[in-house]
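Enquirer: From first to last, the protein sequence lines are chains V and B. Under this note's numbering, the first residue of the first sequence is numbered 472, with each subsequent residue one higher. Under this note's numbering, the first residue of the second sequence is numbered 1269, with each subsequent residue one higher.
One or more hints might be untrue.
Said to hold, decoys possible - For the chain V half of the interface with chain B, some residues (derived, Cβ under 7 Å), not all of them: (1) P496; (2) P504; (3) F523; (4) R527.
Said to hold, decoys possible - Some chain B residues well away from chain V (every beta-carbon gap over 12 Å; in silico): (5) D1302; (6) Y1309; (7) L1329; (8) F1472.
No lab work stands behind these hints: they were computed from the structure. All residues carry an ideal CB built from backbone N, CA and C; glycine is no exception.
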Amino acid sequence: MTRSSFLKWLIGIFGVAAVAGVVYPVLRFLKPPAAVSSAIGQVVNAGALGSFPAGRLTLLTVHDQPAAVQNLNGKYAVYSLICTHLGCVTGISGDSFTCPCHGSEFSPTGAVTHGPATLPLPTYHSQVQNGSLLVGPIDLSHAAYPTWYKGEFT
Amino acid sequence: MSASAGPVPQQTPSEAKRRKPGLVGWVVNRLGMDDLMEDQYNRVVPFHATNYIYCFGGIALVLFVILAATGIMLAVYYQPTPDTAYQSVLNISTHVQFGWWIRSIHRWSAGGMVLLVFVHMLRVFFTGAYKKPRELNWLTGVALLLITMGFGFTGYLLPWDQKAYWATKVGTDIAGSVPIFGHFLLVSLRGGEQISAATLGRFFDLHVLVLPAIIIILLLGHFFMIRRHGISGRL
Chain V
472 MTRSSFLKWL IGIFGVAAVA GVVYPVLRFL KPPAAVSSAI GQVVNAGALG SFPAGRLTLL
532 TVHDQPAAVQ NLNGKYAVYS LICTHLGCVT GISGDSFTCP CHGSEFSPTG AVTHGPATLP
592 LPTYHSQVQN GSLLVGPIDL SHAAYPTWYK GEFT
Chain B
1269 MSASAGPVPQ QTPSEAKRRK PGLVGWVVNR LGMDDLMEDQ YNRVVPFHAT NYIYCFGGIA
1329 LVLFVILAAT GIMLAVYYQP TPDTAYQSVL NISTHVQFGW WIRSIHRWSA GGMVLLVFVH
1389 MLRVFFTGAY KKPRELNWLT GVALLLITMG FGFTGYLLPW DQKAYWATKV GTDIAGSVPI
1449 FGHFLLVSLR GGEQISAATL GRFFDLHVLV LPAIIIILLL GHFFMIRRHG ISGRL
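Only chain V is shown next, with the shape it has when bound in the complex (with noise of 0.2 Å):
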């Protein structure tokens, strides 16, 4: 291979890799977002029971949201992430959530303990089965949540 036709193939790998460097993004731009709120309704299997240790929060994704596992000596509850503020995701400390944005805090059973956010976290329903953890809708009838619970976005 010569100089000169090396050079001509790193220019051309380098153009298409630029070509679909734009190409991809506007491509994945233009397909409509995934409507979340359809997916909401479902039942997802979370895993083995033996897969959420006693004493501490196990994180989860239920419907592309991010959720924890809590596990209080056999009684299973599952707290969204999302910071009733201004939808943030809480980060967990031990058994309680603290929230990087604005500083809320939540103890271990979702109530507030720290502002600014005024309103729990909402949980998921959710109930054992077969030694599985079953995870249902979110449960938003407790106060007037956000709508981004639901995905709704527009």
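Position chain B relative to chain V; hints supplied.
Expert: Showing chain B alone in chain V's frame:
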């Protein structure tokens, strides 16, 4: 094509030599673009203009092309009504795949274009490139600067958040302080005495229809005159 009834056109040897092969050549030969293209290829950039300060206008043009492309894409998801504008922008930034990327490119290129157009103006001013016979190009340049700022002003309202609302309130108030015509300007921009759905509709119309049409016409004139005059002489 060879079966046409008329006489076969005569070609001088040099014309035959210039005929280009391939698909591009097919188009070029049919439109007789060889001479035009050759004129473009053979232009010499004067040595004093091979300098970065002569690039600002070109960079501004690149940014304009980027803004047009990303703007067309943003218009796919943007909804210009007061009830849905903010939510649709939020949707683009948080939910549409690569939406944050497209919107950020649009936003940063917009700021960059205003800056580059202004710096380009400074270059033209301090190198004296506006002098005879280039006065007309300076004038179109002034219009292009104002239109670029018009793009910025109208685009700023479209997210329809608090900052957008109050910036537009202040901006249109300033237009309202013009003597005699002030009130007419204010209600024409706002579509009423107050900022409302009519204002959003008008700004959206200006941002995506009126200003692009005007800027493209002015840009073509601007570039035509650059070609006509050539790059201005050295200091």
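Enquirer: Work down the list of hints and note, for each, if the structure agrees.
Expert: Okay, the hints, checked on the actual structure:
1. P496: 4 Å, holds
2. P504: 5 Å, holds
3. F523: 29 Å, violated
4. R527: This interface hint is violated because 29 Å lies over the 7 Å limit.
5. D1302: Label holds. Min Cβ-Cβ 26 Å, cutoff 12 Å.
6. Y1309: Correct as stated: the minimum Cβ-Cβ distance to chain V is 20 Å, above 12 Å.
7. L1329: Answer for L1329 of chain B: holds, closest chain V Cβ roughly 18 Å.
8. F1472: With a cut-off of 12 Å, F1472 of chain B remains clear of chain V, as the shortest Cβ separation is near 17 Å.
Checked against the numbered hints above, the structure breaks hints 3 and 4 and satisfies the rest.
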